[in-house]
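Peer 1: Here the protein sequences come in this chain order: A and B. Numbering-wise (the working numbering), the first sequence opens with residue 1 and increments by one. Numbering-wise (the working numbering), the second sequence opens with residue 1 and increments by one.
Note that these hints are calculated values from the structure, not bench results. Fair warning: there could be bad hints in the mix.
Said to hold, decoys possible - List time: in silico DSS-like cross-link candidates among lysine-lysine, alpha-carbon distance up to 27 Å:
no.	chain 1	residue 1	chain 2	residue 2
1	A	K54	A	K91
2	B	K3	A	K105
3	B	K87	B	K168
4	B	K87	A	K15
5	A	K278	A	K242
6	B	K231	B	K168
7	B	K168	A	K128
8	B	K206	A	K91
9	A	K15	B	K168
10	A	K54	B	K75
11	B	K231	A	K128
12	A	K91	B	K3
13	B	K99	A	K105
14	A	K280	A	K242
15	A	K54	B	K87
16	A	K91	B	K231
17	A	K54	B	K263
18	B	K206	A	K54
19	A	K54	B	K99
20	A	K118	B	K3
21	B	K3	B	K87
Said to hold, decoys possible - Ranges between beta-carbon positions, derived for each pair:
no.	chain 1	residue 1	chain 2	residue 2	range
22	A	P162	B	I187	55 to 61 Å
23	B	N16	A	W68	27 to 33 Å
24	B	K263	A	R111	32 to 38 Å
We put the CB at the ideal spot given by N, CA and C, even for glycine.
Okay, here's what each chain looks like letter by letter:
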Amino acid sequence: MSLILVDDIAKSYGKVVAVDGLSLRVEEGSIMGLIGPNDVGKTTTIKIIVGLLKPDRGFVRVFNEEPWDNPALKSRIGIIHERARFPSHHKVLDYLQRVCRIFGKPESRAREVLALTKLEDAYDRTIKTLSAVMLQKFAIAHAWINQPGLIIADEPTSNLDPEARSDLLDLILKLHHDENVTFLISSDIVPELNKVCDSVAIINQGKVWASGGLTELSERLGARTTRISTDNPEALAGLIRKLEYVSRVEVDSRGVSVGVIGEEDERLYEDVPKLAKKAKARIVGIQSGTASLEELFRLAVRSGKGGGQRWEKADPS
Amino acid sequence: MGKGRPFLEVFTCALNEDYRFPILEILVFLCALCTFVLGGLAAVSGFTTGEAFTHNIVSSSTLPLIILVVIPILKNIAYGLGSDIEKGITQTLFSYPLKRGYILTAKLLSALGIPLLLFLGISIFGLFLLFPDIILANPDTVFLTYAAQLSPVLLAAGLLLLLALRLKRGVLALITGLGLCIVLFVIFDAIVNSLAYTTGSDWSLKIYAVITPNLALQEYYLGTILGFTHKIWVPSFSEVLLYLLAGYLLVALVFTIGYVYFKRGLRI
Chain A
1 MSLILVDDIA
11 KSYGKVVAVD
21 GLSLRVEEGS
31 IMGLIGPNDV
41 GKTTTIKIIV
51 GLLKPDRGFV
61 RVFNEEPWDN
71 PALKSRIGII
81 HERARFPSHH
91 KVLDYLQRVC
101 RIFGKPESRA
111 REVLALTKLE
121 DAYDRTIKTL
131 SAVMLQKFAI
141 AHAWINQPGL
151 IIADEPTSNL
161 DPEARSDLLD
171 LILKLHHDEN
181 VTFLISSDIV
191 PELNKVCDSV
201 AIINQGKVWA
211 SGGLTELSER
221 LGARTTRIST
231 DNPEALAGLI
241 RKLEYVSRVE
251 VDSRGVSVGV
261 IGEEDERLYE
271 DVPKLAKKAK
281 ARIVGIQSGT
291 ASLEELFRLA
301 VRSGKGGGQR
311 WEKADPS
Chain B
1 MGKGRPFLEV
11 FTCALNEDYR
21 FPILEILVFL
31 CALCTFVLGG
41 LAAVSGFTTG
51 EAFTHNIVSS
61 STLPLIILVV
71 IPILKNIAYG
81 LGSDIEKGIT
91 QTLFSYPLKR
101 GYILTAKLLS
111 ALGIPLLLFL
121 GISIFGLFLL
131 FPDIILANPD
141 TVFLTYAAQL
151 SPVLLAAGLL
161 LLLALRLKRG
171 VLALITGLGL
181 CIVLFVIFDA
191 IVNSLAYTTG
201 SDWSLKIYAV
211 ITPNLALQEY
221 YLGTILGFTH
231 KIWVPSFSEV
241 LLYLLAGYLL
251 VALVFTIGYV
261 YFKRGLRI
């Protein structure tokens, strides 16, 4: 069952087109990542889905309901806005207790969600005194207060340090596994989405450039990552970088990860032994696999710049 | 779940943000002080006839109070609402199970309703304590005077609402709103009166009376005391009522535009 169904929406701000013919569907029980470079329409899409903006055209349904100014729907979804802000002079616990009352939940729920987001020490602090990290955690606690079946998050990790980021991703996975919460997460920090998402929609220039499961997308787009284990990774990587068909090269102490698109995978297999000889590197192993999300993201960005966009339309049925 | 609880929670949340200690306490004290001091002064102003005297007492004792009341309205609507939109707090409020119109009503009840309630409660009670016989003898005059005094305040509040929604910046809306209030109620007032007295024509007064119906009411009562020959414009009582109606229609129009914009056009 699709919890979010978006079909051919468009939104312009004056002459600036933010979203142009975007289609998307989020299935129940999934974690979908909405990725793309800055200013490609991610936030506008999220705002349309949560009912903050009306699309100029197109069809949006969340839990099979029109989201615009729909109070009943707000009880079923949790929203984490980018750089979320709250009435600043309230105390943390007081405010969340108020939110409990708004959603008709017992006030004890406020303590539960604060404990879940590790904000127990901040009960008596006023919201304005919270650090950026704490404020983001508070936003997550706030979104989870009504135990929604769907959480929509716009750049939820944007203000977080690496540790807090990791905590948040763990929390997302926990809620997903324990409570079967569906997530739609927009972010331009691709590696972290790679950790939690089971499907992605890559947005570029206001459209969904590609969407689906990671493996499925990699195969469909022909994006592969080849791992070369070697005793001299730096030298080998230097030569591999010069190959025109390589999209990404990452080096660590044990080898090189190379991103390639399409059939170039086989060319790489032919070229690596020659380059290894030149670099005086011994190849220990070579293995190809699914491309990372980052790889797909780069592909989308490059495609957008070149103007050769691909995107797919969600089945409106 | 009904709308009542979420509405009350958003309203009390707005109250907490708008009136942190001791804003409300100072406001109450100043309102009470002004009512008693100015009410006492008005009593020795010289008019003795019934309705005109009642109007004069109510009008002169409440005018400074209105300026006092406009300050929190300016701060809460222009700065408060503008800042809420600017900072993203309105976005958070929109994530609650409440229609946009109710959210705006809750915010306006706090920003506008509370100062007006204070103003009416304290000044009517104070005047009743000072002049019980006069107030009880002319309740219609008291009502008309209050209605005429409040019309420009509500118009200003509506214009501040439009400014805050359009500018979406607290400080900018506050400064622009302050400027607009000064232009509308100080500079225009001076220009209108100068024009009327230099040209001897009443058209400028008539136009301005739509914005400030108290001008029409004041001219009407002064006319009954000084005689028609001493005045540039002396409206009839039915004309006064028409100006009052026009003033409130203007207020209703401005608030309707604000509500429609908040519900349908506000992009956050």
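Peer 1: Decide, hint by hint, whether the structure agrees.
Peer 2: A quick look at each hint next to the structure:
Restraint check: the Cα-Cα separation between A/K54 and A/K91 comes to about 33 Å, which exceeds 27 Å; the hinted pair is violated. Under the criterion of a C-alpha separation no larger than 27 Å, the hint pairing B/K3 with A/K105 is consistent with the structure, at around 14 Å. Annotation: proposed proximity of B/K87 to B/K168 holds, straight-line Cα distance about 9 Å (limit 27 Å). With a CA separation close to 25 Å, the supplied pair B/K87 and A/K15 stays within the 27 Å bound.
Of the supplied pair hints, the one linking A/K278 and A/K242 holds, its CA atoms being roughly 13 Å apart against a limit of 27 Å. At most 27 Å may separate the alpha-carbon atoms for a hinted pair to count; B/K231 and B/K168 exceed this at roughly 45 Å. The straight-line distance between the Cα atoms of B/K168 and A/K128 is roughly 20 Å, inside the 27 Å bound, and the hint therefore holds. At most 27 Å may separate the alpha-carbon atoms for a hinted pair to count; B/K206 and A/K91 exceed this at roughly 52 Å.
For the given pair, A/K15 sits about 20 Å from B/K168 by alpha-carbon distance, which is consistent with the 27 Å threshold. In summary, the hint linking A/K54 to B/K75 is not supported, as the alpha carbons are separated by about 30 Å, beyond the 27 Å threshold. A hinted pair counts as satisfied when its Cα atoms are at most 27 Å apart, and B/K231 with A/K128 does not qualify at roughly 57 Å. A distance of roughly 24 Å separates the Cα atoms of A/K91 and B/K3; the hinted pair therefore holds under the 27 Å criterion.
With a CA separation close to 19 Å, the supplied pair B/K99 and A/K105 stays within the 27 Å bound. Proximity of A/K280 to A/K242 is assessed by CA-CA distance (about 17 Å); at most 27 Å being required, the pair is judged to hold. Our distance criterion of 27 Å between C-alpha atoms is met by A/K54 and B/K87, whose separation comes to about 21 Å. Under the criterion of a C-alpha separation no larger than 27 Å, the hint pairing A/K91 with B/K231 is inconsistent with the structure, at around 59 Å.
The suggested pairing of A/K54 with B/K263 holds, with an alpha-carbon distance near 11 Å, which does not exceed 27 Å. A threshold of 27 Å between alpha carbons decides the hint, and for B/K206 with A/K54 the separation of about 43 Å lies outside it, so the pair is violated. Annotation: proposed proximity of A/K54 to B/K99 holds, straight-line Cα distance about 15 Å (limit 27 Å). Between A/K118 and B/K3, the direct Cα distance comes to roughly 32 Å. Violation of the 27 Å bound is thereby established for this hinted pair.
A hinted pair counts as satisfied when its Cα atoms are at most 27 Å apart, and B/K3 with B/K87 qualifies at roughly 26 Å. Our hint of 55 to 61 Å for A/P162 and B/I187 holds, since their Cβ atoms are close to 58 Å apart. Between B/N16 and A/W68 the Cβ separation comes to about 29 Å, which falls inside the hinted range of 27 to 33 Å. For B/K263 and A/R111, the hinted distance range of 32 to 38 Å is satisfied, since their beta carbons lie about 35 Å from each other.
The structure fails to meet hints 1, 6, 8, 10, 11, 16, 18, 20 from the earlier list, while all remaining hints are met.
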